[in-house]
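Peer 1: The primary structure of each chain is shown beneath.
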Amino acid sequence: MTATASQASEAPRVRTRNPLATRRGSAPGARSRRGRLAVQGFLALMALLWIFPVGYALLASFRDYAYTAEHGYFSFGGFTLQNYKDAWAQANFSQTMVNSAIVTIPAVLLTLFLSCCVAFVVARFSFRFNLALLGLFTAANLLPPQALLIPVYRMFRATEVPFWFSESGTLLNSYWGLIAVNVAFQTGFCAFVLSNYMKALPRELYESAVVDGAGVLRQFFQLTLPLCRPALAALATLEVTWIYNEFFWATVLLQSGDKFPVTSSLNNLRGEFFTDNNLVAAGSVVIALPTLVVFFVLQKQFVAGLTLGATKG
Amino acid sequence: MAKYKGINQLSGLDRVVVGLMVVVPTLLVVWLVWAPAIGSVLLSFTSWDGVGPITSAEFIGLKNYSDVVSIYPPFWPAVRHNLIWLAVMFLVATPFGMFLAVLLDRELRGTRVYQTAIYLPVVLSLALVGFIWQLIYSRDQGLINQVTGSTIDWYGDPRYNLWAALVASSWRHVGYVMLLYLAGLKGVDPSLREAAKVDGANERTTFFKVVFPVMAPINVIVLVITVIESLRAFDLAWVINKGRNGLELLGTLVTSNVVGEASRIGFGSAIATMMLVLSSFFVALYIRYIMREQS
Chain A
1 MTATASQASE APRVRTRNPL ATRRGSAPGA RSRRGRLAVQ GFLALMALLW
51 IFPVGYALLA SFRDYAYTAE HGYFSFGGFT LQNYKDAWAQ ANFSQTMVNS
101 AIVTIPAVLL TLFLSCCVAF VVARFSFRFN LALLGLFTAA NLLPPQALLI
151 PVYRMFRATE VPFWFSESGT LLNSYWGLIA VNVAFQTGFC AFVLSNYMKA
201 LPRELYESAV VDGAGVLRQF FQLTLPLCRP ALAALATLEV TWIYNEFFWA
251 TVLLQSGDKF PVTSSLNNLR GEFFTDNNLV AAGSVVIALP TLVVFFVLQK
301 QFVAGLTLGA TKG
Chain B
1 MAKYKGINQL SGLDRVVVGL MVVVPTLLVV WLVWAPAIGS VLLSFTSWDG
51 VGPITSAEFI GLKNYSDVVS IYPPFWPAVR HNLIWLAVMF LVATPFGMFL
101 AVLLDRELRG TRVYQTAIYL PVVLSLALVG FIWQLIYSRD QGLINQVTGS
151 TIDWYGDPRY NLWAALVASS WRHVGYVMLL YLAGLKGVDP SLREAAKVDG
201 ANERTTFFKV VFPVMAPINV IVLVITVIES LRAFDLAWVI NKGRNGLELL
251 GTLVTSNVVG EASRIGFGSA IATMMLVLSS FFVALYIRYI MREQS
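Sequence order for the protein chains is A and B. Numbering of the first sequence is given in our numbering, commencing with residue 1 and proceeding in unit increments. Numbering of the second sequence is given in our numbering, commencing with residue 1 and proceeding in unit increments.
No lab work stands behind these hints: they were computed from the structure. Even for Gly, the Cβ is constructed at its ideal location relative to N, Cα and C. Any given hint might turn out to be false.
Among the chain A residues that face chain B by a calculated CB cut under 10 Å, a handful are [to be verified]:
| hint | residue |
| --- | --- |
| 1 | 51 |
| 2 | 57 |
| 3 | 150 |
| 4 | 181 |
| 5 | 251 |
Construct all of the structure, not just a fragment, from the sequences and the given hints.
Peer 2: Next up, the structure:
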């Protein structure tokens with residue numbers, strides 16, 4: 001188990017892996033000043049270019065359609081909040097936001113819980129099929145969802161459930177069906193990341209826990225889960241973003257408009273023959289808002305979650 | 001270590017707990033991922049039209065496949081579009097993201113602001129990316145046409161819409177790749193660069209001969225992500241025009257064959273199986289790689 005020993009030193013590095021954190025003491029050395037300025041200018045230009053579409057959408061969202069239609073977008077004036085009011089009503093955001101929460105919150109919690117279970121077993125007990133198990137989950141995360149659509153769709157349509165469980169009477173057009181699919185797809189990634197994290201936890205902790213007579217359940221809930229808090233925070237941030245953004249399954253598995261999550265409600269803002277782009281912009285901003293909160297407030301967790309799985313080894 | 005040799009040393013209750021911890025998630029994944037994957041493959045060899053009971057399905061061999069490649073008009077365009085998609089992501093977006101990561105890794109002043117701006121699109125869903133770029137591409141109100149005075153419908157015209165979608169998709173992919181490589185570059189042992197410098201290697205040589213090979217884990221992950229994401233590209237095309245008229249992709253073909261007006265299960269399954277086979281090659285590559293890392 002030499003691998004475990006070398007990994008043990010990695011556990012505390014999870015935070016420092018954040019590439020947004022500044023590495024000190026790596027001054028560029030004897031690079032010419034002009035070259036540095038050129039690189040800086042190039043990066044600044046790229047950054048502006050990259051932020052531009054979002055900034056442009058933000059700006060457009062505050063402008064009156066009649067005004068921009070008459071004067072074009074390179075004008076000043078016509079600022080209004082009306083787009084947000086209209087978008088909120090037309091895209092039915094007060095409903096779809098709730099729908100998104102109904103799907104996202106249980107899906108993230110379940111994903112994290114189940115992947116903790118798998119990761120714990122994989123990390124703490126050495127079975128012969130451990131690696132195979134991890135492969136089974138990780139591969140599931142990578143398969144194209146469209147390729148599984150037909151059987152899942154048919155299966156859900158044929159699965160009858162009580163009406164108190166789903167109004168539609170089947171798993172199709174039911175939140176639980178969508179949650180289950182999301183969980184099944186995301187568990188692989190989280191289990192993989194968490195198992196690496198758990199393997200790096202000091203073995204002695206578990207040995208003394210066993211000496212104290214702690215069973216598997218206590219080792220799991222009272223020892224492992226609290227120690228995994230940083231990894232769980234990072235993964236939770238990432239999964240909230242991913243499941244909130246999930247579009248494919250939500251589009252095909254939910255059918256009645258009152259169940260649609262936020263991401264698929266934008267279509268309501270597009271008319272058949274005419275689209276008010278300022279209205280679409282306002283809707284886009286509203287939809288992006290939760291993820292932008294993640295971006296600005298939980299940036300560290302998000303990036304850590306993304307790179308946790310990638311930079312192992 | 002002696003305490004954790006195997007399940008035999010656990011008490012009866014603990015054995016049940018451990019069993020449940022593995023079996024419940026496994027059942028879920030088998031039920032919703034692996035069984036459907038096998039189902040897609042099996043259905044692709046049958047004549048089932050989705051109407052009658054599944055027991056009425058007949059084995060028809062490779063007929064669905066030969067039909068798809070010979071008499072289904074959108075199939076070859078979709079294959080071509082997926083390949084173009086892959087080529088652009090792999091040859092343009094990915095190297096560019098890597099290039100930005102290398103520049104950002106120099107930690108010049110303002111680096112943090114730049115990298116934050118470049119990875120902003122990563123938190124947005126691809127569906128939303130489609131809508132945001134509509135403001136730029138739209139024929140009557142879009143930015144491009146306002147500036148250039150052209151009247152091209154960038155999302156609607158089959159000559160341009162794939163490229164328009166690719167620009168939007170690259171916008172997000174570059175940020176993602178940049179982030180992964182930046183993390184990888186931070187993880188490279190600084191003494192390696194020092195040693196290369198002492199040996200008189202210039203910056204380019206150092207990167208390609210020393211740093212890049214050391215980042216093998218990131219390279220594998222980025223390769224797999226790029227290929228898989230190009231293969232399952234769907235959201236963007238679906239929000240633009242449901243994957244028609246110049247934006248046909250394998251993913252949208254499967255979907256419109258199932259939820260669309262005409263449900264052609266055999267056709268859809270045959271395309272789905274092709275996607276599975278293609279992706280499983282890269283999934284296997286990835287799994288083999290991480291398994292080697294693990295053991």
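Peer 1: So, as I understand it, the hint says residue 251 (chain A) touches chain B; can you test that by seeing if any CB pair is closer than 10 Å?
Peer 2: With a minimum Cβ separation of about 7 Å from chain B (threshold 10 Å), the hint on residue 251 (chain A) holds.
Peer 1: Quick one, is the residue 51 (chain A) hint okay against chain B at 10 Å, beta carbons?
Peer 2: 4 Å, holds
Peer 1: Please verify that hint: residue 181 (chain A), Cβ, nearest Cβ of chain B, below 10 Å or not.
Peer 2: Holds, about 6 Å.
Peer 1: Holds or violated: the hint that residue 150 (chain A) contacts chain B, with Cβ atoms closer than 10 Å.
Peer 2: 5 Å, holds
Peer 1: Given residue 57 (chain A) as an interface hint, is the shortest Cβ-Cβ distance to chain B below 10 Å?
Peer 2: Constraint on residue 57 (chain A) satisfied, holds at 5 Å.
Hint compliance for this structure: no hint is broken.
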